[in-house]
Structures are given as C-alpha cells and as structure tokens.
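Chain residues, written in single-letter form:
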Amino acid sequence: MIEVTNLHKSFNGEEILKGITTTFDRGKTNLIIGTSGSGKTVFLKCLLGLFTPEQGEICYDGNKYSELDEEEQRNLREKMGMVFQGSALFDSMTVEENIMFPLMMFTKQKKEEMLERVHEAITRVNLENANNKLPSEISGGMQKRVAIARAIVTRPKYLFCDEPNSGLDPRTAIVIDNLIKEITEEYDITTVINTHDMNSVMEIGEKIIFLKNGHLEWEGDKSQIFKTDNKAVTDFVYSSNLFKKVRDAQLKGL
Amino acid sequence: MFYLDDIGRYFLMLKGVFSRMTKRSVLRNLIFKEIDDLIIGSLGITIFLAFFIGAVVAIQTALNLTSPLIPKKLIAFASRQSVILEFAPTFISVIMAGKVGSFITSSIGTMRVTEQIDALEVMGINSLNYLVFPKIIAMLMYPFVIAIAMFMGIFGAYVAGVYGGFVSTNDFLTGLREEFIPYHLVYAFIKTFLYSFLLATIPSFHGYYMKGGALEVGKASTSAFVWTTVVIIISNYILTQLLLS
Chain F
1 MIEVTNLHKS FNGEEILKGI TTTFDRGKTN LIIGTSGSGK TVFLKCLLGL FTPEQGEICY
61 DGNKYSELDE EEQRNLREKM GMVFQGSALF DSMTVEENIM FPLMMFTKQK KEEMLERVHE
121 AITRVNLENA NNKLPSEISG GMQKRVAIAR AIVTRPKYLF CDEPNSGLDP RTAIVIDNLI
181 KEITEEYDIT TVINTHDMNS VMEIGEKIIF LKNGHLEWEG DKSQIFKTDN KAVTDFVYSS
241 NLFKKVRDAQ LKGL
Chain V
1 MFYLDDIGRY FLMLKGVFSR MTKRSVLRNL IFKEIDDLII GSLGITIFLA FFIGAVVAIQ
61 TALNLTSPLI PKKLIAFASR QSVILEFAPT FISVIMAGKV GSFITSSIGT MRVTEQIDAL
121 EVMGINSLNY LVFPKIIAML MYPFVIAIAM FMGIFGAYVA GVYGGFVSTN DFLTGLREEF
181 IPYHLVYAFI KTFLYSFLLA TIPSFHGYYM KGGALEVGKA STSAFVWTTV VIIISNYILT
241 QLLLS
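Residue numbers (the UniProt record's numbering), protein chains in the order written: chain F, 1 to 254; chain V, 1 to 245.
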C-alpha cells in the first residue's frame with residue numbers, strides 16, 4: 001500500500017502538484033487519470049523517487065520515504081518495477097538481456113538461475129520467439145511486454161506504469177491492460193497506472209484518481225466514474241465520442 | 001552565472017560518477033565494450049589523419065627551407081617536434097572531440113530522451129557511474145592511440161620527405177634523432193591523459209543533462225564538441241606554460 005499525504009512539487013516557481021492526498025491499495029490496479037498537463041507524470045515520478053517533493057510525504061507499506069537513508073531508499077527502489085511510456089528498453093541489449101538486467105545488477109544468482117527467472121517472466125507475458133531479438137526488431141506491443149517482464153522479473157512489491165498502452169492498437173492495448181491486472185492480482189502487488197485512456201479505466205480501473213491542474217479533483221472506482229456529477233470528470237470522460245454516444249443512448253432509453 | 005552553474009554541475013557529476021559503484025562483473029563488460037567503441041573504433045581515423053598530418057608538416061617544412069645553408073635533416077627534426085609536441089596529442093584530440101565526443105553525447109542523450117536513464121535510476125542504479133565511469137576507464141587507453149598517432153605522423157613525414165625527393169633517408173634518420181629530449185614525450189603524454197579524461201567527461205555531461213527530444217540531442221552533440229575543444233585548447237596552453245616554460 002502506498003499512502004500519499006499533502007504532496008507538493010514545483011518547477012521554476014510553478015506549482016505542478018498542489019497538495020495531493022490519496023492511497024493506493026495492494027492487489028489492486030490504481031489508475032491516475034487526467035488531461036495533459038494535469039501533473040500525472042510528475043506525480044508518478046514523485047512516487048518513483050525520481051522527483052523530490054518540496055512538501056508532503058509518501059509512505060510505502062508504512063515506511064516514510066523522506067525518513068529513509070540513501071541505502072534504504074535504494075533497497076526500496078529495488079522493490080519497484082516500472083513500465084515506461086516508451087518502454088525504455090536498452091537498445092544495445094537483446095530482449096533476454098533486457099529482462100535479465102535487473103537480476104544481474106542486484107542478485108548473486110548464477111546465470112542458469114537468472115535465465116530460469118527470465119524465461120518464467122517471458123512466459124508470463126506471453127512473449128515467445130523473441131529472446132535474441134533487439135528492441136528495434138520487435139513491435140510496440142512486444143516492447144511493452146518486454147518492459148512488463150523486466151519490471152516483474154525481480155518480483156517487485158510496487159509496479160508503476162506510465163501510459164502502458166499509448167501507441168498500441170485497441171486490441172493490443174486491452175491485452176496489455178489485462179496482463180497488468182492479472183499480474184497485480186497474481187503477485188499481490190500495488191500497481192499504479194498513469195493513463196488518459198478511458199478504455200483502460202473501463203477495463204481495469206479498480207481505484208481511480210482524477211487530477212486537474214495538480215489537484216486531486218475526484219477519486220472512486222470505474223462504476224462510480226459514470227455516476228459522478230463532478231463537471232471536470234464528466235468533461236474528461238465524455239470527451240470521447242464513444243462514451244458520449246453510449247450516454248446519449250442510455251438517456252434515450254435505447 | 002550560467003557558465004558557473006554548468007561548471008558546478010560538471011564537478012557534481014564527477015562526484016556522482018565515482019560514488020556508488022556498479023557491480024564489478026557488470027562494469028568489466030561495460031569497460032570492454034567502451035574500449036571497443038571509443039578506442040579500437042578510433043584507430044582507423046587516427047592512423048589516417050596522423051599519417052597525412054605528418055606528411056604535410058614534412059612538405060611544408062621542406063618548402064620553407066629555402067636557404068642552402070640550412071641542413072635538410074631539419075625537415076625530420078621539425079616534423080618530429082611538431083608531431084610529438086602538438087599534432088598528435090592536441091590536434092588528434094580535437095578531432096576525437098568530434099568523433100568520440102559526439103558519439104558519447106548522442107548515445108547518452110538518446111538514453112535520456114528515451115527514458116533509459118530514468119529506468120536505471122528507478123532500478124536503484126547510479127546511472128552516472130554505470131554510464132560515465134566505464135568511459136573514463138576505457139579512455140585510459142587513449143595514450144596508446146596517441147602513441148600510434150605519433151609513430152604514424154613521423155612515418156608520414158618520412159614517406160613524404162624521402163619519396164617526395166625533399167630529403168634523403170640518411171638525413172631524415174639523422175634529423176629524427178637530433179637533440180631528442182625524452183621529457184617532450186612525458187609532456188605529450190601528460191597532456192594526453194588529461195585530454196582523455198576531458199574527452200570522456202565533457203561529452204557525457206552534455207548528454208546526461210540534456211533536455212528535450214531528438215533535435216536537442218544534435219544540439220547537445222555540437223555543444224559538447226565546441227566545449228571539449230575549448231577546454232582542450234585552454235588546458236593545452238596552461239600545461240605548456242607549466243611544463244615547458
């Protein structure tokens with residue numbers, strides 16, 4: 001579980017995050033949604049420890065990040081897995097080497113043991129016959145699977161995903177969403193996903209927080225998001241023609 | 001103020017490079033890869049450039065020795081001094097600022113743009129040590145490149161001088177050995193060691209701290225070349241003043 005209290009973050013005097021307080025539950029897919037520029041990525045990078053907030057606290061299973069020393073922060077980071085928007089795979093390494101990389105850096109396992117873990121992760125994300133290919137030789141969907149495999153190979157306690165299905169076709173996007181949800185439940189981890197894709201919200205949104213101009217505007221789950229009368233949320237949800245048409249049809253009783 | 005800020009960040013980067021070391025087995029592989037990319041990959045162009053620089057220096061010297069009272073062996077003497085003292089260590093390093101420097105900046109810059117550096121940091125890896133330290137160690141081999149450049153420069157001078165009909169082989173070899181001061185080699189290699197450090201770290205700084213997209217990677221590479229060259233030229237002046245005056 002991750003608890004966030006009164007988080008503030010500024011860049012060059014401009015306040016990007018304005019006092020966010022929320023919790024992300026273990027074993028659930030927690031979604032951060034909002035329009036572009038709402039502070040989603042900055043918030044996610046604060047959760048990852050890439051940005052240091054000026055004010056506020058982030059607590060990982062009871063451990064306050066600001067009270068951890070450098071060694072403890074590094075140990076905590078080793079328990080985090082991250083799927084970046086552009087996958088962030090290492091260009092010069094093959095798929096297998098990319099997935100093995102965190103194990104090589106942080107474990108003293110023999111190569112055979114590491115390969116076993118790698119193949120386990122590869123099987124889990126349904127990625128086969130690509131072990132020796134370079135990231136540039138595989139599709140965007142496959143790159144996302146490799147990124148997920150790399151994130152889960154160390155069996156993390158926290159999984160963060162920044163727009164995991166951006167640039168993917170709708171069918172592959174749903175597959176990736178469901179894969180993340182399955183992994184979250186199977187490994188009982190705290191997953192936080194940054195997205196502005198309403199299909200993801202509908203598919204896997206067990207807890208959703210909506211950010212607007214750095215504020216937490218609304219929080220709830222996927223069943224509540226269509227019932228809220230919060231204008232910012234409804235504007236965001238019904239900016240999609242598909243959802244607008246579904247709503248209009250429901251209103252007409254069709 | 002802007003430059004002071006950059007200089008401060010450069011030294012803070014160096015502090016980061018030498019702290020929290022990456023696992024030794026991983027570093028070893030990275031160092032070998034960097035030696036291949038930065039040193040072995042530079043040998044061809046270095047040999048080519050040094051040979052022709054030496055040849056041109058010999059021809060220029062020969063053409064300027066118009067007085068019959070000046071012995072022809074001076075062609076070899078002047079070529080040796082020019083190549084060992086300046087052309088091999090400094091001129092080749094300026095060229096390397098373009099070749100090695102832009103390679104380092106663009107590879108690290110692309111990693112920054114594609115969030116690969118963020119990925120390293122999220123995993124709890126000291127990205128500065130992982131990316132820059134192997135380059136610094138690999139560049140310790142750079143004096144060998146310069147030694148080869150010195151040899152090829154003098155060989156180029158010999159070929160141009162002797163086969164161009166400017167000087168006989170005997171005169172050339174006599175001139176080559178005349179008033180040779182071993183300390184000049186020490187001076188040249190002290191410079192080379194400093195340049196190797198600059199060639200590894202200044203382009204890394206520009207790549208690591210770049211912001212933006214593909215266009216900025218190109219700008220950072222250009223800026224890395226300019227600053228590496230400027231610092232090499234200034235440090236050349238300072239070292240020459242300190243070591244030879």
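Possibly wrong hints are sitting among the right ones.
EDC-like cross-link-like pairs, simulated, lysine to aspartate or glutamate; straight-line CA separation at most 16 Å [what the hints assert, rightly or not]:
hint	chain 1	residue 1	chain 2	residue 2
1	V	K23	F	E78
2	F	K45	V	E115
3	F	K79	V	E121
4	V	K33	F	D221
5	F	K18	F	E54
6	F	K45	V	D118
7	F	K181	F	D221
8	F	K45	V	E121
Just so you have them, the derived chain F footprint on chain V, three or more residues with Cβ under 8 Å [claimed, not checked]:
hint	segment
9	21 to 30
10	118 to 132
Bear in mind the hints are in silico, worked out from the structure with no lab data behind them.
If you're wondering where the values come from, they're calculated on a predicted model, not measured in any experiment.
Don't be surprised by glycine CBs; every beta carbon is placed ideally from N, CA and C.
Hint check results:
no.	hint	result
1	V:K23 <-> F:E78	14 Å, holds
2	F:K45 <-> V:E115	12 Å, holds
3	F:K79 <-> V:E121	13 Å, holds
4	V:K33 <-> F:D221	49 Å, violated
5	F:K18 <-> F:E54	11 Å, holds
6	F:K45 <-> V:D118	9 Å, holds
7	F:K181 <-> F:D221	15 Å, holds
8	F:K45 <-> V:E121	11 Å, holds
9	21 to 30	holds (count 4)
10	118 to 132	holds (count 7)
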